[in-house]
Amino acid sequence: MPISMPAKLSAAAAALIALIVLPQLTSGYVVYLANLMLVYIILAIGLNILIGETGQFGLAHVAFYGIGIYTTAILTSRYGVPFPVAVIAGMLLAGAIGFLLGAVSFRMRDIYLALSTFAFGEAMQWVFKSWDAVTNGPNGMRIPQASLFGFRITNDHDAYYVVLAVAIVTVLVTILLMQSRLGRAFRAVRESEPAALALGVNVRRTKVIAFTLSAVYAGLAGGIFASFSSFIHPDSLGFTTTILVLTMIVVGGLGSIAGAVMGALILGLIQELLRQAPSYQEIIYGVILILFMMYAPKGVIGALKARFSRSGSAAK
Amino acid sequence: MTVTPFLSIKNLTVKFGGLTAVNDFSMDVMPGAIHALIGPNGAGKSTVFNCISRYYQPASGDILFRGQSLMRTPAHGTAGLGIARTFQNLELFNGISVLENVMVGIDAALARDGKRLSPRQMRSEAEAILERTGLANYRDEQADALDFGHQKLLELSRALAVKPQLLLLDEPAAGLRNREIAALDKLLVDLARKEGLTVILVEHVMQLVMSISDRITVLSFGQKIAEGLPAEVRQNQQVIEAYLGREGAAA
Numbered sequence: 316m317p318i319s320m321p322a323k324l325s326a327a328a329a330a331l332i333a334l335i336v337l338p339q340l341t342s343g344y345v346v347y348l349a350n351l352m353l354v355y356i357i358l359a360i361g362l363n364i365l366i367g368e369t370g371q372f373g374l375a376h377v378a379f380y381g382i383g384i385y386t387t388a389i390l391t392s393r394y395g396v397p398f399p400v401a402v403i404a405g406m407l408l409a410g411a412i413g414f415l416l417g418a419v420s421f422r423m424r425d426i427y428l429a430l431s432t433f434a435f436g437e438a439m440q441w442v443f444k445s446w447d448a449v450t451n452g453p454n455g456m457r458i459p460q461a462s463l464f465g466f467r468i469t470n471d472h473d474a475y476y477v478v479l480a481v482a483i484v485t486v487l488v489t490i491l492l493m494q495s496r497l498g499r500a501f502r503a504v505r506e507s508e509p510a511a512l513a514l515g516v517n518v519r520r521t522k523v524i525a526f527t528l529s530a531v532y533a534g535l536a537g538g539i540f541a542s543f544s545s546f547i548h549p550d551s552l553g554f555t556t557t558i559l560v561l562t563m564i565v566v567g568g569l570g571s572i573a574g575a576v577m578g579a580l581i582l583g584l585i586q587e588l589l590r591q592a593p594s595y596q597e598i599i600y601g602v603i604l605i606l607f608m609m610y611a612p613k614g615v616i617g618a619l620k621a622r623f624s625r626s627g628s629a630a631k
Numbered sequence: 007m008t009v010t011p012f013l014s015i016k017n018l019t020v021k022f023g024g025l026t027a028v029n030d031f032s033m034d035v036m037p038g039a040i041h042a043l044i045g046p047n048g049a050g051k052s053t054v055f056n057c058i059s060r061y062y063q064p065a066s067g068d069i070l071f072r073g074q075s076l077m078r079t080p081a082h083g084t085a086g087l088g089i090a091r092t093f094q095n096l097e098l099f100n101g102i103s104v105l106e107n108v109m110v111g112i113d114a115a116l117a118r119d120g121k122r123l124s125p126r127q128m129r130s131e132a133e134a135i136l137e138r139t140g141l142a143n144y145r146d147e148q149a150d151a152l153d154f155g156h157q158k159l160l161e162l163s164r165a166l167a168v169k170p171q172l173l174l175l176d177e178p179a180a181g182l183r184n185r186e187i188a189a190l191d192k193l194l195v196d197l198a199r200k201e202g203l204t205v206i207l208v209e210h211v212m213q214l215v216m217s218i219s220d221r222i223t224v225l226s227f228g229q230k231i232a233e234g235l236p237a238e239v240r241q242n243q244q245v246i247e248a249y250l251g252r253e254g255a256a257a
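Chains A and B are the protein sequences, given in the same order. Going by this note's numbering, the first residue of the first sequence is number 316, and it counts up by one from there. Going by this note's numbering, the first residue of the second sequence is number 7, and it counts up by one from there.
Warning: the hint list may mix true and false statements.
[Stated by the list, open to error] Listed next, the stretches of chain A that the computed footprint assigns to chain B, with coverage defined by at least 3 CB atoms under 8 angstroms from CB atoms of chain B: (1) 485-499; (2) 511-522.
[Unchecked claim] Cut-off 25 angstroms, straight-line C-alpha distance, at most; resulting in silico cross-link-like pairs (DMTMM-like, lysine to aspartate or glutamate): (3) B:Lys169 / B:Asp196; (4) A:Lys620 / B:Glu133; (5) A:Lys323 / B:Asp34; (6) B:Lys121 / B:Asp153; (7) B:Lys169 / A:Asp473.
[Stated by the list, open to error] Over the 10 angstroms line for every Cβ pair with chain B, so calculated as not near, a few chain A residues: (8) Ala333; (9) Tyr347; (10) Ala404; (11) Trp441; (12) Ala503; (13) Gly570.
The hints are simulated quantities; they were obtained by calculation from the structure and are not laboratory data. In this text, all values refer to a predicted model and were calculated from it rather than measured experimentally. Where is the CB? At the ideal position from N, CA and C, for every residue including glycine.
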């Protein structure tokens with residue numbers, strides 16, 4: 316272990332304190348950005364379970380994110396459902412649809428899986444855009460202010476601690492999950508299906524679980540987004556956003572939770588810098604994706620590990 | 007009195023399109039035996055393994071494990087019955103550590119026995135297995151960083167972690183040095199004689215096959231051409247012609 320446990324713990328404690336005092340020191344805009352990045356972290360960790368850990372190229376992540384946002388917005392605004400219940404409903408709906416998508420596509424792999432899930436993502440965006448009665452169609456939809464146990468979230472500052480707590484719990488739960496039997500089964504499926512089968516891993520079921528879980532994370536990210544955002548437009552739920560999240564996990568390092576977090580922060584910043592030039596966004600994500608795939612396939616986290624590892628020669 | 011075979015292959019036929027890879031093949035493996043399955047490349051040995059581990063569905067025939075047909079068992083169900091295997095062309099979990107490769111095997115044993123281990127116990131159990139196969143020093147390496155012989159040993163370690171009753175070894179000695187083959191020889195004999203494990207061994211290293219096998223079955227072009235004690239098979243004219251060649255004839 317190149318970095319000692321106490322060093323890791325004190326770094327985590329320092330980061331936590333910085334995160335807690337952040338809203339006291341900065342403007343609303345920075346807090347909005349922080350909220351958005353925390354949502355990206357949840358999105359990226361969810362996609363990493365499917366692509367990074369299990370090796371299944373599902374490219375419909377943004378569809379489940381959208382399902383989370385719309386479900387939360389519709390249930391709270393039209394049916395007066397309490398915000399936390401609406402978020403959970405969004406997670407469950409995203410998970411159920413993710414389960415169905417996984418159940419029909421577990422036989423496919425590589426490019427076939429990528430293409431069919433891509434098509435599903437496009438179809439869902441079309442649903443968001445066209446189902447006027449439910450989603451208010453291409454005009455987008457206002458998201459009402461969330462309220463949590465009687466406490467009304469009126470601005471980004473109010474939402475921040477809720478978003479932060481959810482993101483931290485998500486990261487910790489995922490760390491435990493990836494060290495569990497299920498986490499090992501995900502990686503076994505990624506590395507060798509014949510060996511996974513011979514070792515008692517139900518490959519088909521494991522893939523469907525990965526699809527479902529990944530969709531639940533995206534649904535959660537959507538619900539949390541609805542806590543501080545006042546508007547959702549279907550144009551923001553297109554393939555560009557899936558590519559953005561994919562670029563996050565590749566830049567951070569596939570199969571690494573810390574990598575997904577780092578990638579979310581890095582790409583979140585880049586996206587914000589490019590806000591004035593939206594037409595260049597896709598090109599720049601594409602270039603970053605290609606450069607990392609070619610020169611740093613293990614991402615930022617892989618490069619850091621190679622740097623810190625005692626036997627520098629062992630790092631490939 | 008007859009002993010029930012531990013594994014009984016009955017009239018197994020496997021076809022790939024128009025090619026018959028295994029033709030009406032039968033073989034009985036007795037409990038606690040080391041039973042070698044040998045033959046020239048392409049004879050169908052690995053195909054037989056893939057049928058036992060339910061990766062291939064045979065065109066006809068049956069495989070009985072402890073008297074029960076395997077034909078309704080899914081591929082992921084064989085570990086739960088106590089069958090573990092290694093692969094001729096390596097099917098390691100390359101991108102994860104040596105230790106975690108073994109842990110996936112331990113997971114299979116725990117699931118079968120309905121047990122749980124703490125992460126610490128899990129780690130020490132995996133380390134104990136690597137100690138036994140001589141890979142303890144490589145525990146934190148990524149699996150694909152090992153050389154070929156060590157990767158073969160890692161596959162064996164992972165299979166042992168399943169705590170199987172029947173172990174299918176597909177060329178475990180390939181890529182090993184003489185000293186490592188001697189250690190493998192001792193390990194396999196220990197497993198069979200002291201722990202009662204039944205082993206089916208596909209191997210080209212004749213020194214190992216002749217030294218440890220209780221019985222040898224010879225496959226050639228998908229058909230059984232001989233079966234018997236090592237000394238009998240060694241003398242069999244058909245085997246010498248099909249497989250051992252001039253080297254065997256001279257022995």
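Here is what the structure says about each hint:
1. For the segment 485-499 of chain A, the proposed coverage by chain B is satisfied: 3 residues have a C-beta within less than 8 angstroms of a C-beta in that chain, meeting the threshold of three.
2. For a cut-off of 8 angstroms, the count of residues in the segment 511-522 of chain A with a CB near a CB of chain B stands at 8, and the three-residue condition holds.
3. A hinted pair counts as satisfied when its Cα atoms are at most 25 angstroms apart, and Lys169 (chain B) with Asp196 (chain B) qualifies at roughly 14 angstroms.
4. With a C-alpha separation of about 23 angstroms, the suggested pairing of Lys620 (chain A) with Glu133 (chain B) holds against the 25 angstroms cut-off.
5. Under the criterion of a C-alpha separation no larger than 25 angstroms, the hint pairing Lys323 (chain A) with Asp34 (chain B) is inconsistent with the structure, at around 57 angstroms.
6. With a CA separation close to 34 angstroms, the supplied pair Lys121 (chain B) and Asp153 (chain B) exceeds the 25 angstroms bound.
7. With a C-alpha separation of about 55 angstroms, the suggested pair Lys169 (chain B) and Asp473 (chain A) falls outside the 25 angstroms cut-off, and the hint is violated.
8. In this structure Ala333 (chain A) is separated from chain B by more than 10 angstroms, as the shortest Cβ-Cβ distance comes to about 30 angstroms.
9. The claim that Tyr347 (chain A) is not at the interface with chain B holds, since no C-beta of that chain comes within 10 angstroms of its own (minimum 38 angstroms).
10. With a least CB separation of 33 angstroms from chain B, Ala404 (chain A) remains clear of the 10 angstroms interface cut-off, as annotated.
11. No Cβ of chain B approaches the Cβ of Trp441 (chain A) within 10 angstroms, the least distance being about 37 angstroms, so the stated non-interface status holds.
12. Distance to chain B contradicts Ala503 (chain A) as a non-interface residue, since its nearest Cβ pair spans about 5 angstroms, not more than 10 angstroms.
13. Non-interface call for Gly570 (chain A) relative to chain B: violated, since the shortest CB-CB distance, roughly 7 angstroms, does not exceed 10 angstroms.
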